[in-house]
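> Sequence:
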Amino acid sequence: MPNRSPAKALLRPTATLLLGSVVLAACGQKTPQTTLNPASESTRAIYNLSELLFWLGVVVFLIVQTWLIVSIIKYRQKDSSQIPTQIHGNTKVEIAWTIVPAIIAIVIFVFTFDTIRKIEFMPDEAAGNTLNVKVIGHQWWWEFQYPDIKDASGKPLVTANELWIPSGSYIDVKMTSVDVIHDFWIPGLAGKRDVMPNRESGLWFKADDVADGSPAVFWGQCAEYCGGQHAYMKMRVVVASPADFQKWSSEQSQVAVNTTLPESFTKNCIGCHVVRGTNAAGITGPDLTHFGGRMTIAAGTTDNTREHLYAWLDDPDAVKRGNIMTTAIKADTLTEAEITELVDYLESLNPGTSVKGQQ
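Heads up: the sequence shown is residues -25 to -1, 1 to 334, going by mature numbering (1 follows the signal peptide of the UniProt record, and there is no 0).
Calculated directly from the structure, the hints in this document are not laboratory data.
Computed from a predicted structure; not experimentally measured.
Hints are supplied without guarantee of correctness; some may be wrong.
Claimed, not checked - With a Cα cut of at most 16 Å, we get these calculated EDC-like pairs of lysine to aspartate or glutamate:
{"hint": "1", "residue 1": "Lys222", "residue 2": "Asp126"}
{"hint": "2", "residue 1": "Lys93", "residue 2": "Glu16"}
{"hint": "3", "residue 1": "Lys149", "residue 2": "Glu118"}
{"hint": "4", "residue 1": "Lys130", "residue 2": "Glu118"}
{"hint": "5", "residue 1": "Lys242", "residue 2": "Asp307"}
{"hint": "6", "residue 1": "Lys167", "residue 2": "Glu95"}
{"hint": "7", "residue 1": "Lys242", "residue 2": "Glu311"}
{"hint": "8", "residue 1": "Lys93", "residue 2": "Asp147"}
{"hint": "9", "residue 1": "Lys167", "residue 2": "Glu16"}
{"hint": "10", "residue 1": "Lys109", "residue 2": "Glu175"}
{"hint": "11", "residue 1": "Lys130", "residue 2": "Glu226"}
{"hint": "12", "residue 1": "Lys109", "residue 2": "Asp99"}
{"hint": "13", "residue 1": "Lys149", "residue 2": "Glu175"}
{"hint": "14", "residue 1": "Lys149", "residue 2": "Asp169"}
{"hint": "15", "residue 1": "Lys149", "residue 2": "Glu95"}
{"hint": "16", "residue 1": "Lys209", "residue 2": "Asp278"}
{"hint": "17", "residue 1": "Lys305", "residue 2": "Asp290"}
{"hint": "18", "residue 1": "Lys242", "residue 2": "Glu316"}
{"hint": "19", "residue 1": "Lys167", "residue 2": "Asp123"}
{"hint": "20", "residue 1": "Lys242", "residue 2": "Asp147"}
{"hint": "21", "residue 1": "Lys109", "residue 2": "Glu69"}
{"hint": "22", "residue 1": "Lys109", "residue 2": "Glu16"}
{"hint": "23", "residue 1": "Lys167", "residue 2": "Asp147"}
As the list claims (entries may be wrong) - Label-pair restraints from in silico Cβ distances:
{"hint": "24", "residue 1": "Glu226", "residue 2": "Pro122", "range": "10 to 20 Å"}
{"hint": "25", "residue 1": "Asn254", "residue 2": "Thr315", "range": "14 to 24 Å"}
{"hint": "26", "residue 1": "Asn12", "residue 2": "Thr241", "range": "20 to 30 Å"}
{"hint": "27", "residue 1": "Val230", "residue 2": "Ala303", "range": "17 to 27 Å"}
Here a beta-carbon is modelled for each residue, glycine too, at the ideal position from N, C-alpha and C.
Could you put together the complete structure from these sequences and hints?
Have a look at this one:
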């Protein structure tokens, strides 16, 4: 049987690999948590560095593979081959393959160091144009506090799972956790940062101006395994124009638009949740003061619709298994009438400015 040439032997696996890559690329879908569409100074710096590393890798790969293929073809064994002259090193080649990688490593170091400097230290121009945000990680939801914005009682404004920020402002984020280690990550706006108990970490970012004046929504995620529902510890970040953010923060600072708590709420929810303007002052669960205007339920697990809210109250464990709410409300704990009453009340807690229904 005649020997196949090395070039022909490589053809089939190469073609299979390329075809498989094309098929996988065709299976792509909308990816809201992608890092390939940076929308802030911080993520743009990270993206530029990754792009540099990618193309450097491509160049090195092509050089090495080309050299390898040429060597295989040119120096393949032939029937008439004689034993070639043996050599024991080439000083020039050895110097070259030592110096070139060293130069590449130095280039990577310089650009990496510059990127770290850019994303770690807030520029001087941020003075006077900074919004401070405190992030508190819980299993499995996010609490956001705005120290610069006071609610009706004079305390910092508190929201849950939905972070609103003004475009064009520097956002100074300080983070801590009440339980285990989490990781704060908004792929389109900021890099990852550990959120640890009894310790404060931080990062900053500046979102680009919104294109048409309408709020832009970015998805965020806990990026450190933190327990059974880690995958559903999500958040939404809403980048609004300064005017829209001012309107939103003014509305959020007020007490609830409906301060008449239904009986089902006082029996089942008052011990864990806050509704400002009422005697509901629990600290275990998210603040529900303006829950009706939020985009999602259970930290991004599902959209905030009447049907989903009903299912959540009917059996929280079926929607988000293991969450702390299941210690108080299990399947069939509430009657249909109580669930309907709670759904009606929670839906009424909408101050007006929201992006509910937007993804």
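> Does each hint fit the structure? Answer for all of them.
Verification of the hints:
1. Lys222 <-> Asp126: Distance ~14 Å between Lys222 and Asp126 Cα, so the pair holds.
2. Lys93 <-> Glu16: holds (9 Å)
3. Lys149 <-> Glu118: holds (12 Å)
4. Lys130 <-> Glu118: holds (15 Å)
5. Lys242 <-> Asp307: Judged against 16 Å, a Cα distance of about 15 Å means the pair holds.
6. Lys167 <-> Glu95: holds (12 Å)
7. Lys242 <-> Glu311: holds (15 Å)
8. Lys93 <-> Asp147: Since the Cα atoms of Lys93 and Asp147 sit roughly 14 Å apart, the hinted pair holds (cutoff 16 Å).
9. Lys167 <-> Glu16: holds (15 Å)
10. Lys109 <-> Glu175: holds (10 Å)
11. Lys130 <-> Glu226: Answer holds: Lys130 to Glu226 is near 15 Å, not above 16 Å.
12. Lys109 <-> Asp99: Distance ~21 Å between Lys109 and Asp99 Cα, so the pair is violated.
13. Lys149 <-> Glu175: Distance ~6 Å between Lys149 and Glu175 Cα, so the pair holds.
14. Lys149 <-> Asp169: Cα-Cα ~11 Å, so holds.
15. Lys149 <-> Glu95: Holds, at roughly 13 Å.
16. Lys209 <-> Asp278: holds (12 Å)
17. Lys305 <-> Asp290: holds (6 Å)
18. Lys242 <-> Glu316: holds (12 Å)
19. Lys167 <-> Asp123: With a Cα-Cα distance of about 24 Å, the restraint between Lys167 and Asp123 is violated, given a limit of 16 Å.
20. Lys242 <-> Asp147: violated (39 Å)
21. Lys109 <-> Glu69: violated (54 Å)
22. Lys109 <-> Glu16: violated (20 Å)
23. Lys167 <-> Asp147: Since the Cα atoms of Lys167 and Asp147 sit roughly 14 Å apart, the hinted pair holds (cutoff 16 Å).
24. Glu226 <-> Pro122: 10 to 20 Å: holds (19 Å)
25. Asn254 <-> Thr315: 14 to 24 Å: Because 23 Å falls inside the window, the suggested range holds.
26. Asn12 <-> Thr241: 20 to 30 Å: Distance hint for Asn12, Thr241 is violated at roughly 46 Å.
27. Val230 <-> Ala303: 17 to 27 Å: Holds: the Cβ-Cβ distance is about 24 Å, inside 17 to 27 Å.
In terms of the numbered hints stated before, the structure departs from hints 12, 19, 20, 21, 22, 26, listed from lowest to highest.
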